[in-house]
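Student: Build out the structure end to end from the sequences listed, making use of the hints.
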Amino acid sequence: MKIKPGFIIKEIAGRSVVVATGDEALDFNFIIHLNDSAKLLFEALKEEKSEEDLVKLLTDTYDVSFYEAEKDVAAFIETLKEKGIV
Numbered sequence: 001m002k003i004k005p006g007f008i009i010k011e012i013a014g015r016s017v018v019v020a021t022g023d024e025a026l027d028f029n030f031i032i033h034l035n036d037s038a039k040l041l042f043e044a045l046k047e048e049k050s051e052e053d054l055v056k057l058l059t060d061t062y063d064v065s066f067y068e069a070e071k072d073v074a075a076f077i078e079t080l081k082e083k084g085i086v
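The opening residue of the sequence shown carries number 1 in my numbering; numbering runs sequentially from there.
Worth flagging that the hints you see were computed from the coordinates, not collected in a lab.
Please note that a few of the clues may not be correct.
With a straight-line Cα cutoff of 20 angstroms, these simulated PhoX-like cross-link-like pairs (lysine-lysine) come out [to be verified]: (1) K2 / K39; (2) K2 / K56; (3) K39 / K56; (4) K2 / K81; (5) K83 / K2; (6) K83 / K49.
If you anchor each label on the Cβ, the simulated ranges turn out as follows [to be verified]: (7) D63 / D23: 39 to 49 angstroms; (8) A25 / Y67: 29 to 39 angstroms; (9) N35 / G6: 16 to 26 angstroms; (10) D63 / T21: 26 to 36 angstroms; (11) D23 / T59: 29 to 39 angstroms; (12) D23 / K81: 29 to 39 angstroms.
Quick reminder that beta carbons are idealized off the backbone N, C-alpha and C, glycines included.
Tutor: Dropping the structure here:
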């Protein structure tokens, strides 16, 4: 999976948020705040990645168990799918 064109991260008031640009901005009326791990995953998804790739990225970067990383990645991906970002 991969982030669709037209979605970027912007820093607003010291917080990372997902912003739609171009045609995507016409239908996207949400604000998605990203913590550090979500920002890492979003950045990784600029290129094609599997859920397994993302779980490995989290466990390699943070002191988190495989189970927690797997759960967090699944929840993050579900949010992105619900909002039409991937």
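Student: Each of the hints needs a verdict: does it hold here or not?
Tutor: Here is what the structure says about each hint:
For the hint linking K2 to K39, the alpha-carbon distance of about 14 angstroms falls within 20 angstroms, and the restraint holds. With a C-alpha separation of about 16 angstroms, the suggested pairing of K2 with K56 holds against the 20 angstroms cut-off. The suggested pairing of K39 with K56 holds, with an alpha-carbon distance near 15 angstroms, which does not exceed 20 angstroms. This hinted pair checks out: K2 and K81 have alpha carbons roughly 11 angstroms apart, not beyond 20 angstroms.
For a cut-off of 20 angstroms, the pair hint linking K83 to K2 stands: about 14 angstroms separates their Cα positions. Using a Cα cut-off of 20 angstroms, the hinted pair K83 and K49 holds, with the two alpha carbons roughly 18 angstroms apart. The hinted range of 39 to 49 angstroms is satisfied by D63 and D23, whose Cβ atoms lie roughly 40 angstroms apart. Our hint of 29 to 39 angstroms for A25 and Y67 holds, since their Cβ atoms are close to 37 angstroms apart.
Taken as a hint, the range 16 to 26 angstroms holds for the pair N35 and G6, whose Cβ atoms sit roughly 23 angstroms apart. The supplied range of 26 to 36 angstroms is met by D63 and T21, whose beta-carbon atoms lie about 35 angstroms from each other. Restraint check, D23 to T59: a C-beta distance of roughly 36 angstroms satisfies the suggested window 29 to 39 angstroms. A hinted range of 29 to 39 angstroms is violated for the C-beta pair D23 and K81, which are about 19 angstroms apart.
In summary, the one numbered hint that this structure violates is 12.
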